[in-house]
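Go ahead and model the full structure; you've got the sequences and the hints to work with.
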Amino acid sequence: MAEDKQILSFICGEQNFGLDISFLREIIENQTLTQIPLMPDHIRGVLNLRGNVVPVIDLKARLWNIPTRISKLTCILVVEFHGKDSTETLGLLVDSVNEVIRVPADHMEHTPELGARIRTDFMDGIAKVNDEFIILLRADMVLNLDELARVHETLKLTGKDLRSEELSDGGDDNETDQAKSEESIRSQSGALPES
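Just so you know, we're using the numbering used here here: the sequence shown kicks off at 1 and counts up by one.
Hints in this document: simulated from the structure, not taken from any laboratory. Computed from a prediction, not measured in an experiment: that's the story for all the values here. The beta carbon of each residue, even a glycine, is placed where N, CA and C say it ideally should be. Just to be clear, a hint being listed does not mean it is correct.
[What the hints assert, rightly or not] Quick list of the computed label-pair ranges, beta carbon to beta carbon: (1) D85 with R50: 15 to 25 angstroms; (2) P104 with R50: 32 to 42 angstroms; (3) I70 with L148: 16 to 26 angstroms; (4) P104 with L148: 16 to 26 angstroms; (5) R50 with S22: 13 to 23 angstroms; (6) I101 with G13: 12 to 22 angstroms.
So this is what it looks like as structure tokens:
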């Protein structure tokens with residue numbers, strides 16, 4: 001029997017989404033991220049969260065290949081889920097957050113097989129709240145484990161240690177460092193494929 005869910009409702013690309021709060025670790029303000037070379041566009045960078053390296057995914061870019069336009073309401077949802085051998089932590093860059101709401105079990109529907117605006121494997125169903133439909137997001141599907149492994153491997157190859165360095169501001173110096181990092185990675189045979 002299905003159970004009621006508590007979800008955090010948020011906006012991404014003018015679409016209402018919901019995230020089961022059991023995945024949610026915290027919500028933080030948008031901040032400058034350290035860019036990683038040779039990553040897909042939807043991997044916005046990484047942040048140092050109290051000594052932990054957290055990859056940040058631009059959710060709008062991941063779902064629709066359109067980068068998020070940063071505003072005062074833009075924030076990062078820090079989520080946790082279980083991987084193969086460990087607990088993984090990700091940041092999801094979203095347009096804004098609304099509130100935590102309880103959704104009765106009889107207000108939730110299964111993921112539609114046709115007609116969805118996003119890939120159905122990213123969806124955990126649809127909830128109807130106050131005559132509005134909210135897409136329930138599967139946080140564990142936003143970035144697959146191979147991509148996560150690639151992020152961590154690239155950090156090792158570039159020698160980045162976010163526990164001790166200041167986060168870069170994405171300026172000209174960062175672009176120069178990124179170009180050097182890309183050259184270093186490509187020089188190591190079989191390290192990473194070219195994007």
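Hints versus structure:
1. D85 with R50: 15 to 25 angstroms: At roughly 22 angstroms between Cβ atoms, R50 and D85 fall inside 15 to 25 angstroms, so the hint holds.
2. P104 with R50: 32 to 42 angstroms: At 36 angstroms between Cβs, range holds.
3. I70 with L148: 16 to 26 angstroms: With a Cβ separation near 24 angstroms, I70 and L148 satisfy 16 to 26 angstroms, so the hint holds.
4. P104 with L148: 16 to 26 angstroms: Given a distance of about 34 angstroms, which is not inside 16 to 26 angstroms, the answer is violated.
5. R50 with S22: 13 to 23 angstroms: Hint holds: Cβ distance 21 angstroms, inside 13 to 23 angstroms.
6. I101 with G13: 12 to 22 angstroms: holds (20 angstroms)
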